[in-house]
Structures are given as structure tokens and as C-alpha cells.
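Take these sequences, add in the hints, and give me the full structure.
Just so you know, the protein sequences line up as chains C and D, in that order. Per our numbering, residue 1 is the first one in the first sequence, and the count goes up by one each step. Per our numbering, residue 1 is the first one in the second sequence, and the count goes up by one each step.
Calculated directly from the structure, the hints in this document are not laboratory data. Built from N, CA and C at the ideal position, the CB exists for glycine as well.
Residues from chain D that keep clear of chain C, each with C-beta distances beyond 12 Å, as calculated: (1) T11; (2) G28; (3) L167; (4) D168; (5) A169; (6) H212; (7) V218; (8) G219; (9) H276; (10) A289; (11) E311.
Footprint (simulated), chain D over chain C, 3 or more residues, beta carbon under 8 Å: (12) 178–187; (13) 190–204.
Pulled from the structure, derived: some chain C residues nowhere near chain D, Cβ distances all over 10 Å: (14) Y65; (15) L168; (16) G218; (17) A259.
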Amino acid sequence: MARLGSVRNRRARVLPGFGLTLGFTLTYLGLIVLLPFAALVWKTADLSWGEFLAKVTDPRVVASYRLSFGTALVAGLVNVVFGLVVAWVLVRYRFPGRRLIDAIVDLPFALPTAVSGIALTTLYAKTGWFGSVLDRFGIQGAFSPFGITVALAFVGFPFVVRTVQPALEDLEAELEDAAASLGATRLQIFLRVLLPSVLPALLTGFALSFARALGEYGSIVFIAGNQPMKTEITPLLIIVKLEQYDYAGATAIAVSLLAASFVLLFAINLLQAWSQRHHAA
Amino acid sequence: MKISVRNVTKTFGNYRALDDVSLEVPDGELVALLGPSGSGKTTLLRIIAGLELPEHGNVFFDDDDAARRKPGERRVGFVFQHYALFRHMSVFENVAFGLRVRPRSTRPAEPEIRRRVHDLLGMVQLDGFAERFPSQLSGGQRQRVALARALAVEPRVLLLDEPFGALDAKVREELRQWLRRLHDEIGVTSLFVTHDQEEALDVADRVVVMDHGKIEQVGSPEEVFHSPANEFVLGFLGQVNRLEVRALRGEPMFAPRPYPDLGATAPQARIFARPHQVGLAKTQPDGPAFPAKVVRVHAAGPIVRVELASEFGEIRAEISHDRLRELELRDGVRVWVGLLEYRVYPHDGAAERLG
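Right under this line is the structure:
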């Protein structure tokens, strides 16, 4: 009986070390991810419900939510469009300099965000190369929601390219041939065949880019101008509260931001799972 | 619809995939393009479909020059080796695709689309599968969906690129018989690419043997098998023994029967015989024969395959089980080999049928 039992155990666990690695994973996640969250919620709990609601519905805070979510959303959508185009070019065509362009895509990942913030501010300020052109059309480049969106699009861009690229590589060129021989036009092939096939990857890229944009601080503080009620993003407001030693206030805003972005990401994940339901080859 | 390919040449970089190829596919026939990989057969199929453009030459459907017609305007049904089904669409929507993408003026109404798709699914025996997705089907089922999708646009010709190449042996054989019956039912001119000679000989009305971007022979399965135009066709359509013999004064050192003087320019000749054309005997027969040693006997199957070693190299023979018992063959036994029938290809390449 003892022998039988040991045989059964062996069969149950073909790969060794499951217990050890799972234990490590949980401990690591606990320490690195969950513990700070818990501390955040714990600190917020210093406030009563009334105080909490007052802090998170303060007009200046609400204006910052609107700005942060609005610009992150627009930046995410911009990245979806241009990220798809860039990924398409990199996957489908072979041309000199392709590898260089491929490497440049990662630049926003590598650049310290403060550096990119200062560079973008210089370019988009009224006296800058782009800012002066935009000014002629009555658009304020830097120190406006427009400038914030540009900076967010910059930092989130690689996420879309890097998630869509493998999906496009998986897409057989034969699908296009098949659609073409069935009489579809280029536009129909794009809308009915290609886009639905890369949609799950595109949604993932959007979610990553959006989430990154929501929490972005370093590159925004320079280009935003940080005028209360106008160009103040939520992460900046948290820093402002911290500088005023209002820790509970800072964490209250952080918790509400966190909750909102969690709900959004969860929704995107659901959407993604739905669009991917039949993609197992 | 008759397909005429006239003097088509296609190169990829320095590689000549098709070299001045001309071919006629008569209306209503099922024709196989047979050749090894790199022979240009798939390129030819893709050019007919309009998925590749030739550098020189034309493709005609009856008398209609297809050169300026885009793939979608050629009314060609194309079936791909790896199915190329749209994974995000149900079986129904895959089959309906070709109808739905038509401009509004020629697009059938929804009930008509439903009726046609269900008819087609019935024809490929996938009635109950309309709402499934490609990922929920087996390989054979997927290929039948691909076929239904190609037929939905009522093609003038049906082109199939290694349609059974990705399937396992048993399904492949069932499906090719089924394709033959389907072809007889709907009668659409069909051209399919294969590298499997058995498949081509089994299914096609006519076989086109290709190698290195050229057509080597066109003929019925019987013709290409029994009267191969040259060494390549002979070798490609099944196993063959190749005996290098030295010709002395026009007489080879080994000759089962006399054959024409090859002349002083051909001191060497090659004799070819398929395994079933090799005769074995225990003792030296009256006719010409040479000794050999049995290396291996494969007796599993309806015929017995025997591998022999001789001074002319390795010889493969196929004999009946009755004959095996008479000969009492075992590994290592010495026997006499005679050729019941054979071909000689002198160096000028033309075939002589002898024996």
C-alpha cells in the first residue's frame, strides 16, 4: 500500500518543485505587490467615510481625474492607431533600416521619463520647433491637455507595438490571399480579416499603454504646467498632498485612482477574453 | 472553363521558379500538378489564381485574358494547404465570406446567403457544424470548410494547393476519394498541386509532372506511369531500380535482352526497372540474369518487398507471397535476378521501351 501511494504521488506531480515555486510566488507577490497596497488602504483607513469622500470629491481632485483619465484614454487610442501601423510596417515589409526602427520603438522605455518630459516640453513650448507651428494654428502645445496627451502617447507607444507585433507575425499571409481570391477589397480584408485577428493583442496593448499613462508622473510634470483645475494630473496631486504632509489625503486619492483603473483594466480584460474566445488555433 | 497557360516565366530574385511554361487544362477535368518541392507547381497555381504576377506570359480562362484581372475578379476558388480559415469567424461566416464582401448590387439577400451556405455545408458533409469555430474542428473538417468557402463564390475553376498535405495518412486517402466524387458531381475544372505521386495517380484525370520550373510530361495516370517521358518522370512516379552498365562495342556487359546499339558515344548506359518488374529465381535461369544476395525481406503487406545486394548496387524487388514460399527467401540467401521488363535511357535522354 505504501508503495502504491508513492507511485500515485509521483504521477500527480510530473514537474518537480511545484510546492516550492508556488510558495515563492505567493510570498514574492505578497511582499512586492500586496503589502504596499495594504499599507495604502491601511493609511487611508485613518479617515472616516465622510472625510474620505470629501477628499476624493474635492473639485480640484475631480478635475484632475477628468484630465488624467481623459488624456490617458486619448493617448491610448492614438497609440492603438499608430502602434498598429508601425507594427504592420515592421512585420510585413523588409527594408534597409528596419532593425534600427525596431530598436527606436523601445526608446520611450529606455529614456528616463524626466528626460523625455524636458525634451518634449522644449519641442512643444511656444518657442519650440513644434510648439511655434502649433501656435500659428491657435493650439497651445506645452502646458495644456494637448501637451500631456503627447507625452503620454510617447511613453505608452512601445506597449502597443510590442504586443501587436507577435500577433501580426502569427497571422499567415495566406489569410489575405484567401480573402482576396474570394473577392474582398483591400479595405474589406483589413476590416473583416486583419483587424479582428489582431484585436485581442491590440486591446492588451491599449490596456498597458492606458495603465502606464494613468500612473505617469515624471514626463508630465514638465510639460503639464500644473495649473490647478486645468493641467494638474492626479499623480501630481498626490505628490502635492504628500508635500503638505497630508498622508491620508494622498492615499485616499491614490486608492480611488487605483480602484478606478482596476475596474477599467478588468473591463478591458473581459473584452479581450471575449474577443479571443476562438483564437486557440 | 478551360484554363490556358501560355509561355509563363516567373523568377524570385535569381531563382527561376517557372521557365516558359505552357499548359492547357480542358474544361471539367481534374488535373494534378505533380513535382518535388521547388519544382514551381505552387507558383504556377498562384499565378493562375492571380496571387502572383508572371514576368512573361499569359493566363486565359477560355478566351478571356486574365492578366489584368485581380484575384477577386477571376472567380477562382482557392484552397490552401493550411486551410487559411478565418479563425474569428464561425464555419457559417467563413463560407458566407465570399458572398458578404460583394458590392451591394450583386450581393445576395440574407435568406439567399443562408440557403447557399447551408447547401454547401451539406455538400461537404458538415451540416451540423455551422456555428462551430475553426479551432473546434479536425484537420479534415477544416479543409472541407475551406473547400465550401471556395465553392461559395461559384468559381469557374477550383485550385487546390496541397489540399491534403497537412492531414494524416488515413484522412488524406478518404478525403481524396471524396474530392474525386465531389468533382464528378459538380464538374468544375479543377487543378490541384501535390508532391505525392500516389495521390496524383489515384485521383486525377490527367497528371502534369513538373521539375525545376519546367513541365516534364503531361498525360493520363497510366501514360505517365507506364510510359514516362524521361528519367526524372520515371524516378518520381514510384520506386525504380537503376543499374549502371558498361557498354562494350554497343553490347552492355549485362543485358537481359539485346537492345539497340548505343554507339561509341555512350560507353555507359542506365537500365531502369520498377521493383515489380524484377524477377527472382533460385537457380540460374535460361535468360540473362545476375546473382544477388538477399539483404532483407519485408513480408508485412499484400506484396513482399525484397532488398538485394548485387554488383550493380542495391536492387529492390516485389514478389507475391506464393512466390516467396516457393523461393524460400531468407536474409543472406543467394538468388538470381532477371529483369522481366525494363527501360534504357541512353545519354541523349530519349526513352526506349524494351522487354
